Every structure is written in structure tokens, then in C-alpha cells.
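Enquirer: Those protein sequence lines, which keep their order, are chains A and B.
Following this note's numbering from start to finish, the first sequence increments by one per residue and tops out at 273.
Following this note's numbering from start to finish, the second sequence increments by one per residue and tops out at 273.
If you're looking for bench data, these hints aren't it; they were derived computationally from the structure.
Nothing false has been slipped in among the hints.
Stretch-level coverage of chain B by chain A, calculated; a stretch enters the list once three of its residues show a Cβ under 8 Å from a Cβ in chain A:
hint, stretch
1, 48-57
2, 67-80
3, 155-168
Keep in mind it's a predicted model, so treat the numbers as computed, not measured.
Heads up, the beta-carbon is just placed ideally off N, CA and C, and yes, glycines get one too.
Number of protein chains: 2
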Amino acid sequence: MNTTDPISNTLFEDLRQAPMATVREAIRSGAYQGHTAGIGLGRLQGNLAILPADYALDFFRFCQRNPKPCPLVGVSDTGDPMLHTLGDDIDIRRDVPLYNIYRDGQLDGQTPDITDLWRDDLVAFVLGCSFTFEQALMAEGIRLAHIEENKTVAMYRTTIQTQAAGPFRGPVVVSMRPMRPPESIRAAVITARFPHAHGAPIHIGDPAAIGIPNLATPDWGDPPALADDQVPVFWACGVTPQAAVQEAKPPLCITHAPGAMLITDVPEQGPGN
Amino acid sequence: MNTTDPISNTLFEDLRQAPMATVREAIRSGAYQGHTAGIGLGRLQGNLAILPADYALDFFRFCQRNPKPCPLVGVSDTGDPMLHTLGDDIDIRRDVPLYNIYRDGQLDGQTPDITDLWRDDLVAFVLGCSFTFEQALMAEGIRLAHIEENKTVAMYRTTIQTQAAGPFRGPVVVSMRPMRPPESIRAAVITARFPHAHGAPIHIGDPAAIGIPNLATPDWGDPPALADDQVPVFWACGVTPQAAVQEAKPPLCITHAPGAMLITDVPEQGPGN
Chain A
1 MNTTDPISNT LFEDLRQAPM ATVREAIRSG AYQGHTAGIG LGRLQGNLAI LPADYALDFF
61 RFCQRNPKPC PLVGVSDTGD PMLHTLGDDI DIRRDVPLYN IYRDGQLDGQ TPDITDLWRD
121 DLVAFVLGCS FTFEQALMAE GIRLAHIEEN KTVAMYRTTI QTQAAGPFRG PVVVSMRPMR
181 PPESIRAAVI TARFPHAHGA PIHIGDPAAI GIPNLATPDW GDPPALADDQ VPVFWACGVT
241 PQAAVQEAKP PLCITHAPGA MLITDVPEQG PGN
Chain B
1 MNTTDPISNT LFEDLRQAPM ATVREAIRSG AYQGHTAGIG LGRLQGNLAI LPADYALDFF
61 RFCQRNPKPC PLVGVSDTGD PMLHTLGDDI DIRRDVPLYN IYRDGQLDGQ TPDITDLWRD
121 DLVAFVLGCS FTFEQALMAE GIRLAHIEEN KTVAMYRTTI QTQAAGPFRG PVVVSMRPMR
181 PPESIRAAVI TARFPHAHGA PIHIGDPAAI GIPNLATPDW GDPPALADDQ VPVFWACGVT
241 PQAAVQEAKP PLCITHAPGA MLITDVPEQG PGN
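Can you make the complete structure from the sequences, with help from the hints?
Expert: Right, here's the structure in full:
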């Protein structure tokens, strides 16, 4: 994330108050390359995975089979960079603040604009993300320590396996938020309303039961602080498909950089029908 | 449906009481080719669409973009007739009572076994169906006239358009169930719990508002009787993807025959994750 850059931090504060057209232009022009938490409030944000068409059918199946970690909210037509179902003018080549480029499963660089990399055989998949349900939790008065402390949520590999599809396979990755038991119950009920954004938790309590040996050493994100009266609450996490892509090793895969999501035009409640 | 055949009707009554292994064997052997309403209670049933891989990515997108009429519950691997995510031993070539064969969008025959037609490039899509939520409605005491009268639910083309994907496009088709207003509200709440089976209604009340000129002349199914104290309640319907397939005119498409669904091994609540 670029929010440690002082200039970006100033811009970030501006964008938090800005109308969406300003936000989109700042991202599209490359002026803002930072994270999108707290920007474009009320709009659905999404994880991104762009893959060659040869891999698209299997990745589609992977998402269908693993809807909690991989809740699809939009898929482009092959070769078409415009995401017609998520807005009137969303160009997936430029409307994400920062992109990660993976070649053969390995990170090979970052860029704020993938216009030069776009090809006629690419398919863009947009997956719901936890920003959606975190907004809902905070709106209902549930405090989230990692946000208040400006940290990255703790994420862990589990021993729960995804249902494989072609070359896509691997463990379910979870994010963890500490809560008091009454909050954890309310949080389960609230997040169940957002199946397009990971839905209800997949586990509450004993980390060892899902193969996490030590909460203090997350695989991604910052170590969490768990108070004596708190239990760990685990949600399926959008890092799951990224791990599956690294397993599949497609010649090219383009994702959002961590935290730098696509902000869509559709409401947080999800693309209706 | 073959339930007008006296032999099938006797078998149907037997199968209503039978354990699932008996039901599956009766279907797999071709002995039972009738409808599956009321059989295999508690298990998720699904509509079927089998398409060549050339069409699979667009059909997948069509379902993703139109989740209320086309709620995907399972997708086979290309060329693999076993639906591993919906049961331990579901062979999509034989486990549907009766199949419709479409060539270039036109019905070209029916058969209880498609083993001879199976090819290495075929992909099977299973979509949730209204049987699931109808069971839930009846379990909560909401009476469904078409079931009590052994009729087919009334279905209508609407002026609501699906979101197209490649060659797949066309109107949203709805099914209609008459209810008193308090029931319609309860029914909306109950069916919202089944997003994998068309979910909440898409319309209640005035048929003309969604382009239905006359409830007495449905496009499919039997004419309904609407009492003075009832309102029409409309759900997105699994005929929608069939209409889209007829529009797309793929060289081959195999579906279930109307009412003769795939009975899966997963619970009615849907394939969990």
C-alpha cells in the first residue's frame, strides 16, 4: 500500500470526502495508487483477478465451488476491458489504484495502469471483499481493532481445503477479527446478509480446530491483539483465490495490489437482479 | 412428464416413500422417467443444462449475471460426467429421469439416458429450482394451489430482460403463485433464505408492471385461479436459461425434461462451503 507516502496520505484524506467522480479520476489518472478502505463509501468494492481465457472456465468453476472465499460479483466478456455489469464506465485496465502482475505464479511487478498488458483473450473476475461487511459491522456499532489501529487484518492459511477446479486448488485462507462473544454472534448475523462479500464466519473460537497453530504469527497482515474476554472470529478471505492462482501458475495473472480494490458503481448490498 | 402413465404413477407413489438409493437406482436404470416433485425430500434438486465447452464460459457468465433465474449450484469439469461437488456418485448421463435434447436451439427428442451422447467437450451446469423453496413454504404452512391440484405452476415471459452474455440473452421468465397478502410477505421472507433456488420474489401485484398482459394465459404451465383476496407473487424461473439457450442456438444442448430434475446428494439448504 502507498499510504505511507505523505503525498498519497494527503490525497487519501481528500478522497475520503470526495464525490465518486473525483475518486475515479484520481485512480484512473494514476494520481492515487493507495488502498481503498474508507473511500467511495456505500459502493461495492472488489478483489480482481484477470486471467487468460484458457484458464477462465476453470477459475470460474473454482469460484462457483468455493463461494465463501471467492464470491463472484462480476465477470468481463473475453477481451472486453469494460465491466458493464458493475458500472456505466468501469475500465478494468485503469480503475484499480495499483495492480500486481504475476507471471507463472510469481509476482513480477506492480503498475497503476495495465492498458499495455491488456489482450483480446483476457477475462476479468471481480470478487466481493471484506470491506463491505466491515462497513456494515461498524455501522452497527461493532468495533474493529485493526481499522481503529490502522493495521492490516490478520490472515492465516487453514487446513480446510478448497474444492479444486482444474489447476486451481489450495487451502482456504481466513481473516480473523477479535470480538467479545455477544459481538461475535451479532457479527455472524450481520455478515450472513452479505453472501457476495464472504458471508457469515466459517469458524469462531479455537484456532487449532482449523489448523492455525498460533494467532500471533499470521501468514499475512499484522499480528492481532486478543483480549481475555474476546474470541477469534474467522471469515473466508479473498487471499484464497490468490493462493490458488499461485498454485495454478498461469503464464499471466493480474490482480489488485493488496488493499487497493476496484470501487464499483453498484451499491454495497451487491449487484441486484 | 410421464406421470399420466399409470405404471409410472404407481412407481411414483412407491418412490415418494423410498430411500434415496432406491430412488436413484429407479432413475438410473430408466425405470422411472417422471417428475421429481415430492421425491427425495430434503435433498437439493436442480435444473440441468449441458453445453459444449465452446459455449460454457458465456453460459457461466450468463448465470453469474442473472443469479435469480439462474442460480448455479454445481458445474462439472469439462468432459467429466460425474458431479463431484453434488454427491459421491452422481452420473449426469443417467441420474436425471428424462432428458430433452436440443440441436441448434430446437427440441430434437427425449431420452432417459445420454451416455451415448456424452462427449469430452461437454460441461454440465446444475441450477437450483423452485422445488426447494416450495417445500420450505409448505413446511411453514403456506398452501400452494398448483401442488394441491396437481397442476404445473403458471409461467410467463416478462418484459424484464436478462443481462446478456455472448449469445445467451432474452426475457426473464417468472413463475406465479397466488397468495393472500400476509402470506405473500411471509413467502418473501422465507424464500429469501434460498438464494440458490431463485430467492425472494421479483414482483408482487400488478402483472402489467412486468409486461404480463393476462394471467389467464400463461406461456408455460396451467392457467392459475386467483381468488379475490389473493395477489399474484412472481419468482424468477428456471425456464429463463432454457429460453436463453433457444436464443443462443448451440449445436447441442441437453437439459432435464420439465419437472424431471436431478436429485442431488446435498441438502436443500444448498451446497455449503
